[in-house]
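Chemist: The listed protein sequences derive, respectively, from chains D and Z.
In this text, residue positions in the first sequence follow my numbering: the first is 1, and each later residue adds one.
In this text, residue positions in the second sequence follow my numbering: the first is 142, and each later residue adds one.
It should be emphasised that the hints constitute simulated quantities derived from the structure, not laboratory data.
Keep in mind that the hints are not guaranteed to be accurate.
[Said to hold, decoys possible] Taking beta-carbon pairs under 10 Å as the criterion, some of the chain Z residues facing chain D (in silico):
1. 256
2. 258
3. 269
4. 270
Cβ atoms here follow ideal geometry from the backbone N, Cα and C, with glycine treated the same way.
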Amino acid sequence: MKAIDRKLWRELWAMRLQALAIAMVIVSGVSIFIMSLSTLDSLYETRESYYRQHHFAEVFASLKRAPLSLVKRIEELHGVGADVVVRPAGARRDVAGAPLGGYASPHHPEAVNLPPRVPRRATPRRPRGRWSSPSPRDRRR
Amino acid sequence: MMCSNGNDADQPSAPHAAGKRVVFHAAGLTKVYQMGEVQVQALRGVDLDLYDGELVVLLGPSGSGKSTLLNILGGLDSATSGTVYYLDHNLVQTTERELTRYRRHHVGFVFQFYNLIPSLTALENVAVVTEIAARPMRPQDALALVGLSERLNHFPAQLSGGEQQRVAIARAIAKNPDVLLCDEPTGALDSSTGVVVLEALQQVNQKLGTTTAVITHNASIGQMADRVIHLADGRISEVQVNASKVAPRELSW
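Just chain Z, with the same shape it has in the complex (with noise of 0.2 Å):
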């Protein structure tokens, strides 16, 4: 989909220690927002690893630059220097073309807030990604993966939030992407309706083995996670391995 750019000096060894592959390297990634005058740094370099088929947890107060690492990661923003590489593909050194071929072949987003298309039903909903997608799966599968086979003609104004969020997810994962990258995907709902959510990223990330990233304000969601990142003040303060994680439905906040 996207074209190498030529340059493999920075380019991540793979496979790595672990014997999965890096999907997504990045090294030195800085990132400063300047807002008139005033300068806001948000990445102060941060280096990172995502592997192959991996739930990983952001983890960090707000500001500390989750969201921008995200959104880089995603191709939706810019990193002022470092280097980002999705598999052999530099993220940082790419036409603005190559980064819309990048997110529509390869990334799926959920956001906090559900974005979806009112007028449409849940099931046109995620179709509306599945007919433009290269190696769609059929919206009605995307559906019943997160538990919705029953309410695929419900408009999104007759689901509950959780139900949204999991249409939103369904429509993330319907076009088969490599990774699925959510930002605070239960920001916006109640413990009960969030464990859902969780439980319908953790059946994305199992059956599927899409790489899945989530950022999170709640710790306890760290648990369900293969690691967690924790990020302060634009940098990673620690990374947590857990050696065993915790399934949803024991989570609780």
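Just chain D, same shape as in the assembly (with noise of 0.2 Å):
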């Protein structure tokens, strides 16, 4: 070994103790780095997952008119397909402060118009109550 090397061992054993603490922070730091990366990382798929169960739309695109048989081409383009959400035209109505079914306290309801044929995976969530429907037969709880 070269006295140049030997210098630079002997050094470093002389100050293995700052040596050491000095390899903990740069450890401690590089830890919560890879942790805050880990968390966002869970943070975005938790994200991800949830918009995917509950069929939130990543692109939203508003129009008057529009044929159904457009969702099918749509479904066909690369990386859209499956997760196309249709929400057709509905009639919404604000009636600020008129009590509705039994709430005290004001509310914005918002009529949509679904047509039969529109998949199940692309209708709006419903919390709770209930589908109203002309037939009895589709009223779902």
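Relying on the hints, combine the two individually framed chains into one complex.
Modeler: Set out below in structure tokens:
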């Protein structure tokens, strides 16, 4: 071993406690960094999973009038396919301050017109209540 | 090692009148340090020849320009004007890279404070140099030359001041330099320890024939030299040639 290398190792040994402390600080920093990245990644994954489960669209496009046959063509697009959600045009009515269905507080009800051929996954989430339908057979809780 | 710049007009003639080869030739050497708006003139036109194998003592008060002159001769500093030749190599008109090679291959330095590496033994301190030198002697031989054969494996903290300075001398001579430049090598030592260090320098000068220049404040050290060059206020005020040299052991201060 060269004398200059001996110098390096002896001086490193002499300050081994400081070197250890510095190494631990570096290891801690790197660990926290990796944990932060993992947490962030996990949060993104959770969000994606939640949106996927509840059919939350990533892209919204509004238009006045389009045939339903367009859904099939859009679903055929690469990377879009099965996740296309069609929310047909609905009639929104704000009735602020009006009591509705036993609720005491003001409500902003929204009425959405769902054609019968729209896939179920494309329907908006219904936290509670029931679907309105002209046929009692189609009523679901 | 170094390349000649091809300017032969100012080159010294060798050998000189006394029959010895001129190792260093300085002419009209000036050095000005710019300290903000203040100019400090360290050298004011020094003309100097140092000859092969001689032991020269540079004597003078603080601020007389001794260290500046030695630093320029050793390639540690550059002159403001004038010429300095080491053999046929102009040290003024040269690159930093060439100066580094000049210092590495031709010059050994000994300073007042020993600058040893505390984590290496005496042997290893010398080996640091011999491992990169072109034509080194064995570190053991260099230490034997300064009388430290029994202290090879001692760390600097285990050595006295005089022994540390002798390790520094061994380190300077281990690469077989052509010139040995010593800036107050006994400045931090008491007289008896200083004598031992001076004996080591004399040994090197006599056994290896290394041209040696020693800076000192101590006039009595001049008695062991071939020549004593007195500096005052940036100029050489007197050059004294010793007809007979005194052994370091007989010096006292």
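Chemist: Does each hint hold? Answer for all of them.
Modeler: Now the hints, each set against the structure:
Annotation: residue 256(Z) was flagged as interfacial toward chain D, and the flag is violated, the nearest CB pair being 14 Å apart, outside 10 Å. The beta carbon of residue 258(Z) is positioned within 10 Å of a beta carbon in chain D (closest approach about 6 Å), and the interface hint is therefore held. Taking 10 Å as the C-beta contact cut-off toward chain D, the hint placing residue 269(Z) at the interface holds, the least distance being around 5 Å. Because the smallest distance between the Cβ of residue 270(Z) and any Cβ of chain D comes to about 9 Å, under 10 Å, the interface hint for this residue holds.
Checked against the numbered hints above, the structure violates only hint 1.
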